[in-house]
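Two chains, two frames, some hints: make the complex.
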Amino acid sequence: MNAILEVKAVDFCYADGTPALRALDLAFARGRRTALLGRNGAGKSTLLTLLNGIERPSRGQVLCAGRPLRYDRAGLRELRRRVGLVFQDPDSQLFSASVREDVSFGPLNLGLGKDEVRRRVEQALATVGLTDRAERPTHALSYGEKKRACLAGVLAMDPEVLILDEPAAGLDPAMTARLVPLLDRLHDEGRTVIVATHDVDFAVAWADEICVLHAGTLAFHGESRDHAGLCRVLAALELGVPVVFELFAALQRRGVVRGAEPPRSRAELLARLADPE
Amino acid sequence: MLIDRYAYGNRWREIHPVVKGTLAGLGLAASLAAATPLVPLLVMALMGGAAVGAAGIPLRVYLRLLLVPAGFLLAGVAGLAFSCSGGDLLIGTVPGLQLPVFASGAGLNRAALVLARSGGAVASLYLLALTTPLTEIVGLLRRLKVPHLLLELMVLAYRQLFACLELARDISVAQQARLGHATAGNRLRSLAALGANLIVRSQWRARQLHRGLLARGFEDELCWLEPERSLPARHLILAVLSGGSLLLLALLVRG
Numbered sequence: 000m001n002a003i004l005e006v007k008a009v010d011f012c013y014a015d016g017t018p019a020l021r022a023l024d025l026a027f028a029r030g031r032r033t034a035l036l037g038r039n040g041a042g043k044s045t046l047l048t049l050l051n052g053i054e055r056p057s058r059g060q061v062l063c064a065g066r067p068l069r070y071d072r073a074g075l076r077e078l079r080r081r082v083g084l085v086f087q088d089p090d091s092q093l094f095s096a097s098v099r100e101d102v103s104f105g106p107l108n109l110g111l112g113k114d115e116v117r118r119r120v121e122q123a124l125a126t127v128g129l130t131d132r133a134e135r136p137t138h139a140l141s142y143g144e145k146k147r148a149c150l151a152g153v154l155a156m157d158p159e160v161l162i163l164d165e166p167a168a169g170l171d172p173a174m175t176a177r178l179v180p181l182l183d184r185l186h187d188e189g190r191t192v193i194v195a196t197h198d199v200d201f202a203v204a205w206a207d208e209i210c211v212l213h214a215g216t217l218a219f220h221g222e223s224r225d226h227a228g229l230c231r232v233l234a235a236l237e238l239g240v241p242v243v244f245e246l247f248a249a250l251q252r253r254g255v256v257r258g259a260e261p262p263r264s265r266a267e268l269l270a271r272l273a274d275p276e
Numbered sequence: 000m001l002i003d004r005y006a007y008g009n010r011w012r013e014i015h016p017v018v019k020g021t022l023a024g025l026g027l028a029a030s031l032a033a034a035t036p037l038v039p040l041l042v043m044a045l046m047g048g049a050a051v052g053a054a055g056i057p058l059r060v061y062l063r064l065l066l067v068p069a070g071f072l073l074a075g076v077a078g079l080a081f082s083c084s085g086g087d088l089l090i091g092t093v094p095g096l097q098l099p100v101f102a103s104g105a106g107l108n109r110a111a112l113v114l115a116r117s118g119g120a121v122a123s124l125y126l127l128a129l130t131t132p133l134t135e136i137v138g139l140l141r142r143l144k145v146p147h148l149l150l151e152l153m154v155l156a157y158r159q160l161f162a163c164l165e166l167a168r169d170i171s172v173a174q175q176a177r178l179g180h181a182t183a184g185n186r187l188r189s190l191a192a193l194g195a196n197l198i199v200r201s202q203w204r205a206r207q208l209h210r211g212l213l214a215r216g217f218e219d220e221l222c223w224l225e226p227e228r229s230l231p232a233r234h235l236i237l238a239v240l241s242g243g244s245l246l247l248l249a250l251l252v253r254g
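Residue numbers (numbering that gives the first Met the number 0), protein chains in the order written: chain A, 0 to 276; chain B, 0 to 254.
For reference, chain B alone in the conformation it holds in the complex (with noise of 0.2 Å):
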């Protein structure tokens, strides 16, 4: 889990969440304001050059993060630059099913709108979730009044989700001990019995934790204690210029 792991080593870490979750928040609402890709690069460069300048996460880690939404991003916007029912240039035909592929100039530019876009709110949130451990982005939404009970959920799924992980780990060791991926016909089963045991071992934990919180006096509410961390004005005043100057401009230039 790289992110989780820069998120508790990196130098912003000491940084209060508020300053961190403004500048994140502005980014992604100047990207997706922006009428053209200028701003949302520009917001991409910032938050960045934030990422790997100013919290020391490595390029290279950096970079590949973002190569899974860059998949997605890439898959999802061939669809609008390129298109079988006509358009400006025919630029080729589907081999086998004679399907014509055309590309127009309004699509391209469509599609770089939104490449760009999605990359200024991908880079503005690879910020937020690679500074800053996720109790502490919870401690920040809550200040937002996001309902208690989604919280409890993302606390408990962030939770049980290394719990599963590691289960899943040293059933797989345990299968390797004992030739279970020795073939492929071996590796499928294996697979399967690693799939069926996850479901049962996780409601079995899920019990076990249930009676672990009711020791401890729970009733019907998951409560913690956050980390005090001092918000000192200057930083939120960087946070707010910073952000804010992108989302001003993404309002102004339209086009």
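Just chain A, same shape as in the assembly (with noise of 0.2 Å):
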């Protein structure tokens, strides 16, 4: 596997020492969609500030593009291009006070030209639809737009692994809805997109691969395909079994659909239900 990310048996405590990750051993495949899963306090985001090198491991190795990161400022100026993180609260992010000068930030630190960037923020704010909300004050924006900005303010930097933690928390449904065409736009452009999440219906419509983080370690890595290890694994944990999943079985159970392949969304069950072929 081309791994553009990689975790090797890496362990992090917090200051107290509390543990958050133990022996943790995680690859991300360049190119892939991938969703994290696990419950809270799993270690998912203190995993994902590991791979943006805000936090550094207590022991073990965090590796980007197969080589070791370097915890200087040219090795972190350099990882965070390539890696762009968006924060779950959009709080942790804005700072300035308004939208268009706060995705320009980003662009900025890279020593980008003033063209260049104004450039790249006009194209990230069109591209999360934010483009007449630009001259807001950050404050006077709704949640769903500041998480809008927050994703702008990252993808003004052009990464090429794109690292969001809850994006869907606290969207209304049609915000979510858009959120799925949005992510699959930034997959399609060549990025590599590695969400965490507590919906697992998200995970399996969405995500090429799946893992499952449990109490710091890893409990599954595997393609989202693989609906029979998947739902072993989030139902001994209580993660919550995908809808689709259960419905298909069921399904299957009265001879009404066919095939051994579960449907990946409510989308794709429907389509089978409505054409058996």
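Hints in this document: simulated from the structure, not taken from any laboratory.
No residue lacks a Cβ here, since even glycine has one placed at the ideal position from N, Cα and C.
Don't take every hint at face value.
Pulled from the structure, derived: some chain B residues nowhere near chain A, Cβ distances all over 12 Å [stated by the list, open to error]:
(1) M0
(2) L40
(3) F71
(4) A77
(5) L88
(6) R142
(7) A192
(8) L208
Listed next, with one range per pair, are the computed distances between beta-carbon atoms [claimed, not checked]:
(9) R231/A to E151/B: 44 to 54 Å
(10) L197/B to G74/A: 31 to 41 Å
(11) V145/B to G110/A: 49 to 59 Å
(12) A259/A to L197/B: 52 to 62 Å
(13) L193/B to Y13/A: 20 to 30 Å
(14) K144/B to K113/A: 12 to 22 Å
(15) S57/A to L148/B: 28 to 38 Å
(16) V179/A to V145/B: 25 to 35 Å
(17) H209/B to T216/A: 52 to 62 Å
Below is the structure:
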């Protein structure tokens, strides 16, 4: 496997000694969509901050494109150019007074020229649909708009790897529905996309690969097609089994739908019900 | 945050901050240089007229905002106008203390001048603050070569002010929902808890924000793009002429 990001035998403890990750080995494949599942406190957010070099592992190594991370200034700058992290809480990211200014922060830090920065900022704002909000003060945005502004702030840096911590948390259904095509578009542009989430339905519908963390260790890592293995782990960890899988199994038992491969989304299930062949 | 709301939504929003800054700066200089109350009063009229008439700030809002500095000013000039140690006219005694209070012509004149000067200065700064969002004021200050560190602090304080207010509101609502404000004792205890929590949470928030900045490649300087606005010569000439003539007048009319 061609791994863009990798953690090897990583331990991570908080300052008070609480362990968050234990002997974790995990590799993220280049160009794929990976969903990271796990209960609260399983270590998802910690892992994501390790991948962006915000935190350093207590033991073990983090690698980007096969090379161990360098934690000096140049190394971190290079890492953050390649790996963009969008935080769960938009207030930990937005610092500037207006949306456009906030989005310009990252690309300016990359040392790009003003014209290029301007071009990227406008493009990022258009991608997340915030062009008409560009002049607004950040504190006057709705929660969903704040989350999109954060995403734009990272997109403007044009990272190869895009990491999002709970991008759908707190969004209304309409916004959540728009998130999937947006993530797919970013993936189609050639990016590796990693999303930490609690939403197992979203994970199986969207991701190519799924990792499940439990108490700082890896409980599952496989293709999202591997529904049998995935469901066992999800049920055991009380993360909830995707609704489409349960419905499919029930409908299969009654002979309503055929095929061994379960659908991955509600739309796919409905399509199969409408057209059994 | 009334000022902020109008700064983002007024008819002078698109006018280049340099124009507004020039006008406000000249008004401020004219008020401070004046030797009689006349020029500062003219400045107040011009700035107030521009804010209410041209930029469209509602008169009631404008007057209400003026009340805040007016309170400080009146308390301050009272000390100049009246004295307890002698003057032209005894106007009474402080009850219970047998302290005489005097007024004098010179004192009243001084008080009127200080009041007018301060009023002119406040009106000048209000014009800028009410028509220009902070980001553009910061851009203006940067052109004036104000140290970067100071500007960064302004921007962060501005952003954190709103974050902190929001947090305080949320905590207060949550306290009310659990009867935290039901009695005077509860209210006091809730207020203490609110204050203590705000400090801890603000520190936590500052740490989170720092991580957020690091994730986007922050090294040691906050940088951002400023909006581009056209700077028509006509506007600038108008600002220089009106503000400049007031300043000239202030320098010519010396009591």
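Evaluated hints:
no.: 1; hint: M0; in the structure: violated, 9 Å
no.: 2; hint: L40; in the structure: holds, 34 Å
no.: 3; hint: F71; in the structure: holds, 27 Å
no.: 4; hint: A77; in the structure: holds, 38 Å
no.: 5; hint: L88; in the structure: holds, 52 Å
no.: 6; hint: R142; in the structure: holds, 15 Å
no.: 7; hint: A192; in the structure: holds, 22 Å
no.: 8; hint: L208; in the structure: violated, 6 Å
no.: 9; hint: R231/A to E151/B: 44 to 54 Å; in the structure: holds, 52 Å
no.: 10; hint: L197/B to G74/A: 31 to 41 Å; in the structure: holds, 37 Å
no.: 11; hint: V145/B to G110/A: 49 to 59 Å; in the structure: violated, 24 Å
no.: 12; hint: A259/A to L197/B: 52 to 62 Å; in the structure: holds, 57 Å
no.: 13; hint: L193/B to Y13/A: 20 to 30 Å; in the structure: holds, 27 Å
no.: 14; hint: K144/B to K113/A: 12 to 22 Å; in the structure: holds, 19 Å
no.: 15; hint: S57/A to L148/B: 28 to 38 Å; in the structure: holds, 34 Å
no.: 16; hint: V179/A to V145/B: 25 to 35 Å; in the structure: violated, 46 Å
no.: 17; hint: H209/B to T216/A: 52 to 62 Å; in the structure: violated, 29 Å
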